[in-house]
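Peer 1: Sequence:
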Amino acid sequence: MNALVSRLILILALLGLAAGEVQALDYRSLEEGLDYSTLQADGAKLHLLKVDLKRYQVKVLDARDWKSPALPVKAFAEKAKALAAINANFFDTQDRPLGLVLQEGKLKNPPKKVSWWASLLLKGDRASIRKAFEKDQVLSWDNGVQAGPRLVVAGKTPKLKEEFSPKSAVGIDHQGHLVFIVSEGSVEINRLAALLAKKEKDGGAGLQNALNLDGGSSTQFFAKAGDLTLSIPGIARVPIALGLFRK
Numbered sequence: 001m002n003a004l005v006s007r008l009i010l011i012l013a014l015l016g017l018a019a020g021e022v023q024a025l026d027y028r029s030l031e032e033g034l035d036y037s038t039l040q041a042d043g044a045k046l047h048l049l050k051v052d053l054k055r056y057q058v059k060v061l062d063a064r065d066w067k068s069p070a071l072p073v074k075a076f077a078e079k080a081k082a083l084a085a086i087n088a089n090f091f092d093t094q095d096r097p098l099g100l101v102l103q104e105g106k107l108k109n110p111p112k113k114v115s116w117w118a119s120l121l122l123k124g125d126r127a128s129i130r131k132a133f134e135k136d137q138v139l140s141w142d143n144g145v146q147a148g149p150r151l152v153v154a155g156k157t158p159k160l161k162e163e164f165s166p167k168s169a170v171g172i173d174h175q176g177h178l179v180f181i182v183s184e185g186s187v188e189i190n191r192l193a194a195l196l197a198k199k200e201k202d203g204g205a206g207l208q209n210a211l212n213l214d215g216g217s218s219t220q221f222f223a224k225a226g227d228l229t230l231s232i233p234g235i236a237r238v239p240i241a242l243g244l245f246r247k
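Under our numbering, the first residue of the sequence shown is numbered 1, with each subsequent residue one higher.
Don't take each hint at face value.
Claimed, not checked - Computed spacing ranges between beta-carbons, pair by pair:
no., residue 1, residue 2, range
1, LYS54, ALA154, 22 to 30 Å
2, LYS54, SER165, 30 to 38 Å
3, THR229, SER115, 34 to 42 Å
4, LYS135, THR229, 37 to 45 Å
5, GLY43, LYS161, 18 to 26 Å
6, ALA236, GLN23, 33 to 41 Å
7, THR229, GLU163, 27 to 35 Å
Treat the hints as calculated values from the structure; they're not laboratory data.
Remember, it's a predicted structure, so these values are computed and weren't measured experimentally.
Where is the CB? At the ideal position from N, CA and C, for every residue including glycine.
Using the sequences and the accompanying hints, generate a full structural model.
Peer 2: Next comes the structure, spelled out in structure tokens:
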């Protein structure tokens with residue numbers, strides 16, 4: 001075997017290794033304690049905003065506080081002066097939110113007992129995603145919403161009914177950071193769950209727990225922080241959103 005052939009074999013081998021490399025998820029800092037990244041999920045682009053709850057707080061925003069049954073998420077952010085906002089609860093045909101709405105310690109809607117729903121609960125620098133169907137399970141928290149299904153449970157992905165649409169979600173990573181997730185385009189729900197559970201070094205989001213929020217025409221997100229201005233409008237106006245604020 002001559003030297004030229006040997007070099008060609010080496011080059012091809014190196015190219016093959018490079019093609020097989022998995023790129024780790026790379027966040028960029030917007031402000032101290034606030035980071036942004038993206039992932040590809042088939043034909044959709046996932047936007048991820050990671051929040052250090054020691055420096056930022058997430059509050060429930062209710063359109064009724066502005067004398068409206070529902071608002072676009074961008075309007076929520078502008079009215080509340082939030083750095084970011086994402087849609088939250090399901091709602092009925094009269095724009096009434098379904099399931100838990102806990103706002104600054106005030107229970108505005110009780111939790112609803114639906115087997116595949118779960119709640120995002122927030123207090124101080126703590127966040128939890130859990131099943132909570134009774135009032136006494138949520139009243140020790142400050143803010144909370146309810147939706148479903150759970151996408152990641154203790155680092156594992158449950159088997160979910162196949163469904164393809166735009167998605168909104170929230171997650172908690174292994175360090176306790178809260179992550180807002182929104183898809184720009186449609187993504188299959190099991191594919192989304194797998195990406196959220198996969199370790200960051202393997203190209204996933206590395207979440208310990210994650211909750212699907214209302215999706216489809218309700219999916220929408222707005223953020224203006226650091227050098228990021230991002231608006232993903234939805235078709236529907238929504239009654240409840242989660243807003244991000246500096247402490």
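Peer 1: Is 30 to 38 Å right for how far apart the beta carbons of LYS54 and SER165 are?
Peer 2: 34 Å, holds
Peer 1: Evaluate the given range 22 to 30 Å for the C-beta pair formed by LYS54 and ALA154.
Peer 2: Holds, since LYS54 and ALA154 (Cβ atoms, about 23 Å apart) stay within the stated range.
Peer 1: May I ask you to test the hint 34 to 42 Å on the CB atoms belonging to THR229 and SER115?
Peer 2: Holds - the Cβ-Cβ distance for THR229 and SER115, about 39 Å, lies within 34 to 42 Å.
Peer 1: Taking 18 to 26 Å as the stated bounds, is the beta-carbon spacing between GLY43 and LYS161 within them?
Peer 2: 21 Å, holds
Peer 1: Using the Cβ atoms, figure out if ALA236 sits within 33 to 41 Å of GLN23.
Peer 2: Since ALA236 and GLN23 have Cβ atoms about 35 Å apart, the given range 33 to 41 Å holds.
Peer 1: A range of 37 to 45 Å was offered for this pair. Does it hold for the Cβ distance of LYS135 and THR229?
Peer 2: Holds, since LYS135 and THR229 (Cβ atoms, about 39 Å apart) stay within the stated range.
Peer 1: With respect to the beta-carbon atoms only, verify the hint that THR229 and GLU163 lie 27 to 35 Å apart.
Peer 2: 30 Å, holds
Checked against the numbered hints listed earlier, the structure breaks none of them; every hint is satisfied.
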